[in-house]
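Given next are the chains, with one letter for each unit.
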Amino acid sequence: MSNTNATRTSTAELQQLAAAGRWHVVETVAKSKAGHIGGPLSAMDLLVSLYFNELAIDPQQPQDPARDRFILSKGHCAIGLYAVLALRGYFPLEELATFDQGGSRLQGHPDMKLTPGVDSSSGSLGQGLSAGAGIAMAAKQLGAGFHTWVMLGDGELEEGMVWEAVHTARRFKLDNLTAIIDLNGLQQYGWPVTEDGDRFDRSNPWAGVDLEGVFDGFGWNVVSINGHEFNEIQAAFDQVRAARCSGKPTVILAKTTKGKGISFAEGTYKWHNGVATPEQLAIAAAELGQAFEGEAK
Amino acid sequence: MKAQRDVWGQTLVDLARSDNRVVLVDGDLATSTKADLFADAFPDRFFEIGIAEQNMVGVAFGLSTLGYRPWLSTFGVFLTHRALDPIRMLVSQTGAPVKIAASYAGLLNGSSGKTHQDIEDLAIMRAMPGMTVIAPADAAEAEAAIRWAAGYDGPVYLRLARDAVADVFDPGHAFNPGAVHVLREGSDAILVSTGVQTSRVMDAAELLTEQGLEVRVLHVPCLKPVDEAALLSALSGSAPIFTIEEHSIIGGLGGLVSELVTSTTLGKTVTRLGLADSWSESAPNAYLLDKYGLSAQRVAEQVRHALADD
Chain A
97 MSNTNATRTS
107 TAELQQLAAA
117 GRWHVVETVA
127 KSKAGHIGGP
137 LSAMDLLVSL
147 YFNELAIDPQ
157 QPQDPARDRF
167 ILSKGHCAIG
177 LYAVLALRGY
187 FPLEELATFD
197 QGGSRLQGHP
207 DMKLTPGVDS
217 SSGSLGQGLS
227 AGAGIAMAAK
237 QLGAGFHTWV
247 MLGDGELEEG
257 MVWEAVHTAR
267 RFKLDNLTAI
277 IDLNGLQQYG
287 WPVTEDGDRF
297 DRSNPWAGVD
307 LEGVFDGFGW
317 NVVSINGHEF
327 NEIQAAFDQV
337 RAARCSGKPT
347 VILAKTTKGK
357 GISFAEGTYK
367 WHNGVATPEQ
377 LAIAAAELGQ
387 AFEGEAK
Chain B
11 MKAQRDVWGQ
21 TLVDLARSDN
31 RVVLVDGDLA
41 TSTKADLFAD
51 AFPDRFFEIG
61 IAEQNMVGVA
71 FGLSTLGYRP
81 WLSTFGVFLT
91 HRALDPIRML
101 VSQTGAPVKI
111 AASYAGLLNG
121 SSGKTHQDIE
131 DLAIMRAMPG
141 MTVIAPADAA
151 EAEAAIRWAA
161 GYDGPVYLRL
171 ARDAVADVFD
181 PGHAFNPGAV
191 HVLREGSDAI
201 LVSTGVQTSR
211 VMDAAELLTE
221 QGLEVRVLHV
231 PCLKPVDEAA
241 LLSALSGSAP
251 IFTIEEHSII
261 GGLGGLVSEL
271 VTSTTLGKTV
281 TRLGLADSWS
291 ESAPNAYLLD
301 KYGLSAQRVA
311 EQVRHALADD
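Chains as they are written, first to last, in this note's numbering: chain A, 97 to 393; chain B, 11 to 320.
One or more of the hints may lead you astray.
Taking lysine to aspartate or glutamate pairs in the EDC-like style, the calculated list, with each CA pair at most 16 Å apart, reads [what the hints assert, rightly or not]: (1) A:K236 <-> B:D54; (2) A:K209 <-> B:D163; (3) A:K269 <-> B:E58; (4) A:K127 <-> A:E389; (5) A:K269 <-> B:D54.
Hint data in this document are derived by calculation from the structure and do not stem from the laboratory.
Turn these sequences into a full structure, and let the hints guide you.
Now the structure itself:
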C-alpha cells in the first residue's frame, strides 16, 4: 500500500474538496449546536492534501498495519478531520450529522476506539507528538516503512509535553515522524498583541519567538510554508519524503488563517467555536460554492 | 525476602526472553527502579526517554499501538500525578496494554520526603475506569502479578515498594485478579490490608495473639477489580473491621471497603488506618511507620485500644 504520485489529486480538485470539507464543518456544527470552527477551517487545506495526496492509506482497511499514521493532536478540531475522513470514504458523509450526538462514532474529540481512520485518541492538548514518537519508534524497531504525521496547533505548542516529545524525536532520530504546526495565530482567547493596542487583536501567541530557530535548534528539519497554498503543501511533503534517511524529524510550520474560507469567521478568535445562524450559513455556502437549502440538514 | 523492585527488574528480563512484546520505557530512574537489569539484558528493547514522564507515557502508548506491551519505569509519584493526564486519555480511555509500574510507591521511599511519597495513588488509580490496580504484598506476589499483567491485554497499575518486607506468600504463589486472601483466622477483629503493609499487619496479628486477641487478616492485592462477594463474605460476622494501608485513608483500601460495606446491609463500622489526610516527611522507615501508625506495634496498639473502647 503506497501513495503514488501518478494518482495525485489536482490542485483544482483539492480546492473543491477543501471547500466541501469547510462546508461540512460549519454545517455540521450548526446542526449539532456546538463545536469548533476556526481551527478546522485553518487546517482544512493541509488535511485534504494529506488525505488525498500523501498518506498511504486505504479507507477500506483502516487498521492495515502498513498504513501511514495520522494523529490530530489538536483534537478539538475533530470535525475537520471527520469531514475529510468522510470525503475520503472512511464512512458516509451522512454520518457527519451524528457528530456529538449520543451513541455516535463521531465524538467531540477523536476516539480511536470508535472512528475508522482515527489512529490516536486526542483532545487533551499536547499529547499527540509523544504518541506519534512512540509509533515512529515502534516502526523503526519493527522495520516498518510507514510514516507518522502529527498535526498540532500553535496554541497547543504552549503545552510543555510537546517539547518533551520534540527532544525525544530528535534523540531517537525519528525521520519517519513529521509534525505539522497549524500556525493560525489565534487560540480560544489568547492575549492582545500589544498592551496599549486593540484588545481584540489577539494574533500570534508566538510573537517574538523564532519558532523556526527553536525547532532547528532542537535538531529538526524545518519547512515553512503557506498552509493554504496546495503547491507549497505538496512541496513540503516532498521535502519530508526526501528527508526520510536524514536521521531528523521534520516540522512543517504552516502559516494559516483561522476560520479560512468563510469571511465572517476569518482571522478572529471569536470563531474559535461557534454556531452559524441560517443567514451566516447562507453566506458560508455562497462563499464556499456549496448548495444550501435554507436550513442545516 | 526480596525487594519488589528487584523482583520487577528480574522478572521482566525473564519474561522478555520468551515474549517479544515486552519493552521497557524509562524516565531516567533505571538504577533505582532496577530497570537497569532489563537495559543490560535487552538494550534494543529499552527506551530511555529521560526526565519527561508525560512524554514517556505517550511514547509507551504509541509503542503499544503496534503490538508492544510497554512497562513504564519511574517513581510512582511521577506517574500518578505528573503524567496522570496522558495515563487517563491515552492509556485508560483507549485500553492500551501499557503497564504502569509505580516504583517507590507509598510512604517508604528512602527518606525522600513528601514530594516523593505517593500516598494518593490507589485513590487516583481506583477512580479511573478500566484500570486494573494491584498492590502486591511481597516478592512472590509481585512476581506473580507481573507475570499476570504481562499477559493481560489492557492497562495495569502495579504498586511496587522500594524496600523488602517479610514474605507473606510462598514462592510460586499464583495471582488471580480480584482474589481476596484470608491469611489468618480470628473472631475479635477483621484486619484488611493491601500491598506490603500486609506483612506488617501479619506481625501485628501475632502481637495481638500474644495479648489474647485473635484477629482475621484479609489481604486485598487487587483493588480493582475485586471479588466483592468474597470480600463481603470475609467481612461478615460481628467482629469490627479495620483497614490498614500505607496510603491516605481517603479513597484507597479504606475507601473500597467502606463503599462496599455501606452498599450492603452488613451494618458495620469501618475504622480506617493510614495517613489521616496529612503529608508526611523525610525520615527512616521505622520512624515513619511508628509516627503514622503503620508499624506492627502501632497497628496492634490501635486495634487493641479500639476494641477496648467498644
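Hints and how they fare:
1. Between A:K236 and B:D54 the alpha-carbon distance is near 11 Å, which keeps this suggested pair within the 16 Å criterion.
2. For the hint linking A:K209 to B:D163, the alpha-carbon distance of about 15 Å falls within 16 Å, and the restraint holds.
3. For the hint linking A:K269 to B:E58, the alpha-carbon distance of about 14 Å falls within 16 Å, and the restraint holds.
4. For the given pair, A:K127 sits about 14 Å from A:E389 by alpha-carbon distance, which is consistent with the 16 Å threshold.
5. For the hint linking A:K269 to B:D54, the alpha-carbon distance of about 15 Å falls within 16 Å, and the restraint holds.
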